[in-house]
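Colleague: One letter stands for each residue in the lines below.
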Amino acid sequence: MTNNAFILQSSPHFKDKDSVPKIMYAVIASLVPAVAASLYFFRFRALVLLVSCVATCLVTEALFLWLRRKPLHSLFDGSAVITGLLLAMTLPPSLSVELAIIGAVMAIAIGKQVFGGLGYNIFNPALVGRAFLQTAFPVAMTTWIPPATLKIQTATFATPLGNLRFEDAIARGTLTPLKDLFTGNVGGCLGETSSFALILGGLYLLSRRVIDWRIPLGILLSLTAFTGAFWLANPEKYASPLFHILAGGLLIGAFFMATDMVTSPITPLGTWIYALGIGIVIGLIRLFGGFAEGVMYSILFMNAFVPLLNRYTRPRILGEGRKA
Amino acid sequence: MKLSVRMVVVLTSIGLLSGSFLATVGHLTKERIALNKQREIEEAIIQVIPGTVSTQKLYEERDLSVYGGKDEQGTVIGFAIHASGIGFQDRITLMLGTNTSLERTNRLAILDQKETPGLGAKITDAESFLQYWENRDCSGAISLRKPAARSAEELLPSEINTITGATISSEAVLGIVNSSLEHTRRLLKEGKLSSEAQDVN
Amino acid sequence: MELVAIFISAILINNFVLYYFLGICPFLGVSKKIDSAFSMGLAVTFVMTITAVVSWVINHWILIPHELDYLKIVSFILVIASLVQLVEMFIRKISPPLYQALGIYLPLITTNCAIMGLALLAALRDYGFVEAVIFGFGSGLGFTLAIIIMAGIREQLDLAEVPEPLKGAVIALIVAGILALAFNGFIGMIK
Amino acid sequence: MSTKTIGQEFIKGLWDENPVFRQLLGLCPTLAVTGAVINGLAMGLATTFVLIFSSLVVSSIKKLIPSQVRIASYIIIIATFVTVADRFLAAFFPPISKNLGPYVPLIVVNCIILGRQEAFSSKNTVWRSLIDALGMSAGFVLAMLVLSAIREILGAGTFLGYQVMGAWFEPWIIMILPPGAFITLGILLALALHIEHRTKSRK
Amino acid sequence: MSTKTFPHGIHPPEFKDLTADKGIESLSPPEKVMIPLLQHFGKPAKPLVQKGDEVLLGQKIGEGQTLFSASVHSSVSGKVISVDNYDHPGGTPVPTVSITNDGQDNPFSEKKETKDPFSFSPEEIRQKVREAGVVGMGGAAFPTAVKLSPPKDKPIEILIINGCECEPLLTSDYRLMLEAPEDILKGAELARIATGAKRIIVGIEDNKKKAHEIFREKIQSFDFDGEVALLKTKYPQGAEKNLIYALLRRQVPTGGLPFDVGVVVQNVGTAKAIWEAVSEGKPLYERVISVSGQGINEPKNILVRIGTPFKNAVEFCGGLKEDVDILVMGGPMMGIVQWSLDVPVVKGTSGILAWAAPRPGLEYPCIRCGRCVDNCPMTLVPTQLARYVKFDDMSAAEKWGVQDCVECGCCQYVCPSKIPLVHWMRVGKNRIIALKQKKSA
Amino acid sequence: MMEVFVPVITMGILGLLFSLGLVFAFRKLRVYEDPKIEEVSEMLPQANCGACGYAGCRAFAEAVVKGETTPESCPVSDAEGVKQIAETLGVTAAEVVKKLARLHCRGTHEAAKDRGTYLGISTCDASHLVGGNKQCSYGCLHFGDCVRACPFDALYMSEEGLPVVIEDKCTACGKCVEACPRNLFELHPISQGIIVFCRSLDRGPVSRKVCKNACIACGICARACPEAIIIENNLAIITDYKKIDPEKIPEIEKCPTDSIGRLKKEDEG
Ligand SMILES: Cc1cc2nc3c(=O)[nH]c(=O)nc-3n(C[C@H](O)[C@H](O)[C@H](O)COP(=O)(O)O)c2cc1C
Ligand SMILES: Cc1cc2nc3c(=O)[nH]c(=O)nc-3n(C[C@H](O)[C@H](O)[C@H](O)COP(=O)(O)O)c2cc1C
Ligand SMILES: Cc1cc2nc3c(=O)[nH]c(=O)nc-3n(C[C@H](O)[C@H](O)[C@H](O)COP(=O)(O)O)c2cc1C
Ligand SMILES: Cc1cc2nc3c(=O)[nH]c(=O)nc-3n(C[C@H](O)[C@H](O)[C@H](O)CO)c2cc1C
Ligand code: SF4
Ligand code: SF4
Ligand code: SF4
Ligand code: SF4
Ligand code: FES
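Protein chains in written order, with our numbering: chain A, 1 to 324; chain B, 1 to 201; chain C, 1 to 191; chain D, 1 to 203; chain E, 1 to 441; chain F, 1 to 269.
Errors might be hidden in some of the hints.
Derived EDC-like pairs (lysine to aspartate or glutamate); straight-line CA-CA distance at most 20 Å [as the list claims (entries may be wrong)]:
(1) E:K32 x E:D116
(2) F:K243 x F:E232
(3) A:K323 x E:D84
(4) E:K399 x A:E320
(5) D:K98 x C:D35
Away from chain F, derived, C-beta distances all over 10 Å, residues of chain C [claimed, not checked]:
(6) V57
(7) L78
(8) P163
For the record, the hints were derived by calculation from the structure and aren't laboratory data.
Every residue gets a Cβ at the ideal spot worked out from N, C-alpha and C, and that includes glycine.
Same shape as in the complex, but just chain A:
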């Protein structure tokens, strides 16, 4: 009983050990299988894009922290790394590094830091970056190369969804087999091809309770219901729900991007509406829209509703509405 410097604070004095960096690093860890798969399927291209996106995100973040005179320790909370990783994972492997860098700068700058940095952004930063690129460079963003494992040489190559949407794959019988979708032996964005790796990472996050189970479940449910209804009505024209789940960016979106805590609702009911909404908008875009894929747009679209959802789905307080 020597020191005179006890801690002064408000209760509680016990705290759980989990912390923001721990959560973020868990997400990074969960991305390892998907990153490995992307390196396996796209080799050097994947490496270049991953490294340049992560590095650019960190540099941009550091620049803004410095400009805003914020402590630099936030740089190491892992969130900028995730943004960089996920951005890279959603880029076509053939994209040039300059464009990837532009996307990464935009992701952090207008996707995150203009709102005040970690925790305050309304929209998913990685997807803001991707949406920027998609709109700025639509051709480069929809030019695909086959995975290194396919060993074929073609100038143009379609993703499974592009194949379905624009090349009448069902009628022509060229729909990508589910097995390939599962292993990842198909064209597409770096990190979206291997469903297996993504499910692995997603399950890890669910088991560690990092992500809210309602989000992936809600998205899968509503997408299944939506695409399932059309598939049952006309299997000649529409692909099965399972195809829709395994193809494109759905799994990476449902497990890693829609679940971004900052940009998803905090109330349980709000979370359900958000998740179901994402699934339905994906279905709408994939089946009837101008794009083969709608994961990015639907997440961004529902992000916009998050403040409203939070506001209008406040849980009932214990005892609220009871007469005194």
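Once you've looked at the hints, dock chains B, C, D, E and F with the ligands against the given chain A.
Modeller: Only chains B, C, D, E and F with the ligands this time, still in chain A's reference frame:
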């Protein structure tokens, strides 16, 4: 003067003054504007039916008009179909030139579109799109080659190359062309395109 | 089907604010609080629907028959302005709180590009009467949707550490940009 | 009644009271037509024309108009000049007229114009109103020019249609699309605020 | 046997084994006691003594003036040395009577109650409880006499005896339940009579199985309609509103009291104090506290006189370890930090805890993970409340229910961003009260 | 002929209809608002500080025009402004005495010791809720709630760790008085000679231990000027500022801890 009366008088007279001023301006510009419009159409017709000297409107309804392109003798040497429909973003308006039997295309011109610059907007580009429309077989439906063929020679006589990255715009143009061709063919069969009957000029 | 297409398109795809840039002033000005954004949205929807009716009538009964195309601007604006003014005074009379909520922006509806833009676009596209009304109503809803989303976001941003020079209109514009990006996803849905 | 000198009256429109950057007025056309410099310029000039002539008319007949029908009269006057501008463009520059679409008629509801009549011309002499209108127009044209230049250069690699970026440059199509318009204007506004803040704190 | 519980809540480490098996020891009265005149929820008592007065053990030295106040009694016999402001473990100084102990413990009142306590009328019970200065010992220190007087229009059906002791580290209630189960049950019966309740439910968490067994056995010998319920070990099982929900599925209305659903909740210690007050006329001048935590050399449960400086209690338990850097009165979830060992034990002191706190984690902005929402036993939205308070939107904070926060600390416990959520809640509540006062002024 | 006639008539009719509508609206639907409200509102400082008790300057203007309050209730308006408003409304204005906010604490970082390691929210009210970060339970907590509350930038935190009032800027709006959880600010007439710079009710030895500059209730000042100064609850209190005899000030200022006396240079901005 009472306030309300003054209000009425002032506004009415400003209205009258403005009306007369505008009438003058309207009068002065009316012809020119009409002329501009007509010239635009005419130029397009001349473009899609080479050799046209004079033109004549043969048929008109909403979203579809058919013009005849005439040579020096005044014989109709081809039809120019003016049609529009929804593209990727907004309406696309085009003019297609065909021969008089509606079996071969002459040329295609895009008059108005709001597709994405650098992407869908390539439908106005001769190099990447319009060149494929020259001299196609249109006795049946024209179809789209997806993914795009490397050279024009590979295409079937009734095939058009897609614009890479803008399938939707390409399809939209194709859709407008096919349906208006169909429509025109029906009109022709029903004899509603007789050049003598509807001399507008 | 055509009507449904016009309606959906006006709300999601060719949204007045996010695609045509019409009505930006109230979109930025009255989107600070959800409640007033909502009232503004309703007011605009209401006025837009009426405008669609009135401008169609003027256009098809007066201007086109008499070939008075060049009076379009003047007559549209006059009729719309007087109409809005009446509505405004009416609201002021019957509901002072509503009037307070919309504040100075009610008169702004008069000179709001969205209203005038609606009349002009409907005329330009040669819509029939029912189409024009659906277009007006849908566009109003589209405006309402955009402004409510914006207000929700801005209320949330009131509780964020937005860097000082970016507060207010700047961040609102950037959010509008990202919203426009997000709404891009619906492009091509109507064919 | 304004007490500024004529010079100040003109200059204020360029920066201190710049309609776009400082007063956030007339944002709709600013955003809508600045995808290409030529359109921005045409729009700026059309607006200038309307602003100048309506200011002249309003300030010269201001005494005759009862205040209750003030706004209504201004609108008719403005609409008249807008129609003139619109017809003129359609008659003599059909391609530009087509590009600007409904935005020329929309000058009639441009907040800048009505705002100026209401705030300035209705209270000042013809001469001052003219200078004010010139200043404001210059400010508006300036804003249109800056915005459209950035958007056209980045979005198409061209300036007034001439290639200015090297062949290596991949145009950022987003810049000529709506999202680019919003974001660019947002960034420009932030810069304007920042500069303003700087000069103020130095004072 | 099924265990009952409420939704949400958390499972912090318990560390109860430090003291759970240690019997209650008595700490001899110190040389000097400092007895604050405010040891309860409400207004301070009015001093009845002056500097220089001689006082006896159990003599009333402060009179509760208003309804929400409680009398204060001397815990030693001796001489008053001052009546002025003195530091209080609650944080701010309050008027305090300091007394030097003459070591005699001469009792103030000799006469023992002869009448059978169970034959008293409700009013008599309340009177004796009020006289004895009994306040709730479960935390809020609410004057017990007030709780025993339910309003006429709110008939009481059920009396709940709160034996949850859900806070980590504390075991004083547990020891009481093991060592004086009869006194507790007798006190409960008196409280039942006073409130007119029909039934008594004793709620005990399933980490205190031994206490549960003893109570199940003892309750047989009473002839009231009683039940001993086993509850899941979860924090804050002992919080009144959650306990009522767990046991009865009734929701106490927001801003309301257990009265509103026909319930009164009393802590086990309070029940014992009621028994002693009514049967012996013994004022509340001593209580059992846990002195525990990894920073205490010999953690113990001890019976101490009110007004004893923390220092004496801690030294009795072997003193503090070297590396201690946090000292808390109460439990680790809701307790109040202390900066010195000179403050006195008060009626609401359930424990004195000390440990070496791990280096505080860096605070990050809220990442909206929603864990606070998922764990708040009141189903509030803590993150939003904290933001409203931080950005000073008090009307929104009020609308979102900041005043319903019971400051249990679950939200802050789970928050990965280490945001001082409870602190914000408290600031918010405080500001709202200040605003209301300003408005009514 | 028709070509000119039709548009002219159309426009004329439109103008006529429009003006008739306006006349109708003007007559039937207008809501009266006293133009004076606008006028008064324009004369107010537009600080919208709310110190008057109304929701901003415009609401205050309405209240003044309705006679619910008086012009001088705006603490921010200077005498000139108040007079102007009063003249507009035709009422006479009371004389306004210029007041300033003064801090009743000299517990600088150096003088007042910390209690421990404070880990809570960095505001005074939050710190006060957990007993404060200073050993003294009555003194300034240094987090500057007052500085943030001042709408006129009239306060800043000095290097020593106390808020300082910039006299030229202070309008005596009282926001700082409200903001301080320890109630250390008070509004005093600008001419005030002497004030007590301490609010501690601790016993002398305790206050001496926790803060070098605290009032230790030694009574020197009270003995020097018993008419106006008393010791109560371990603190010197000036009961009546007007009764302080200027001649006695040097005696009063013999306070061993300097906690009573005239303002010093460093207390002013
Ligand atoms: C999470 C995620 C979201 C995506 N969202 C979109 C999208 O909204 N739109 C899109 O065109 N592509 C998106 N992609 C890329 C697609 O999955 C797919 O690779 C591509 O769209 C198919 O190309 P296509 O549009 O030419 O068919 C996304 C990828 C990922 C990983
Ligand atoms: C911002 C943006 C604008 C686009 N604009 C067009 C367009 O104008 N026309 C079009 O056909 N496709 C456009 N697309 C691409 C389509 O969504 C779709 O990916 C494409 O039509 C698929 O064609 P592909 O199979 O040839 O790649 C655009 C995409 C984006 C991101
Ligand atoms: C979060 C929280 C936890 C509580 N935990 C307990 C507890 O474990 N045991 C207890 O007796 N009272 C606890 N209380 C206090 C009870 O809510 C209630 O006030 C008390 O049981 C009433 O009895 P009393 O008046 O006899 O103290 C807690 C209160 C709160 C807000
Ligand atoms: C489960 C989870 C998912 C995340 N997903 C994303 C993401 O999709 N995009 C992104 O930029 N950051 C993501 N982050 C990182 C971080 O939350 C994000 O950058 C914040 O939005 C920045 O404020 C994620 C973090 C977690 C914990
Ligand atoms: S908000 Fe209050 S009641 Fe809810 S968990 Fe936090 S402290 Fe407990
Ligand atoms: S637990 Fe913490 S980080 Fe998570 S939502 Fe609540 S306050 Fe935010
Ligand atoms: S807050 Fe205090 S210092 Fe600032 S102006 Fe008001 S009274 Fe003066
Ligand atoms: S508010 Fe009070 S305690 Fe806080 S800094 Fe100001 S004077 Fe000191
Ligand atoms: S310029 Fe469009 S609403 Fe103001």
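Colleague: Work down the list of hints and note, for each, if the structure agrees.
Modeller: For each hint, the structure was consulted:
1. With a C-alpha separation of about 36 Å, the suggested pair E:K32 and E:D116 falls outside the 20 Å cut-off, and the hint is violated.
2. Taken as a hint, the F:K243 and F:E232 pair is honoured in the structure, with Cα atoms around 18 Å apart against an allowance of 20 Å.
3. Distance hint between A:K323 and E:D84 is unfulfilled; the C-alpha atoms sit about 44 Å from each other, more than 20 Å.
4. With a C-alpha separation of about 12 Å, the suggested pair E:K399 and A:E320 falls inside the 20 Å cut-off, and the hint holds.
5. Taking the CA atoms of D:K98 and C:D35, the gap is near 39 Å; set against the 20 Å cutoff, the hint is violated.
6. Even its closest Cβ contact with chain F, about 13 Å, leaves C:V57 beyond 10 Å, as expected for a residue assigned away from the interface.
7. For C:L78, the requirement that its beta carbon stay farther than 10 Å from each beta carbon of chain F is not met, with the minimum near 5 Å.
8. Distance check on C:P163: its Cβ is at least 18 Å (rounded) from any Cβ of chain F, clearing the 10 Å threshold; non-interface status holds.
This entry does not satisfy hints 1, 3, 5 and 7, going by the numbered hints stated previously.
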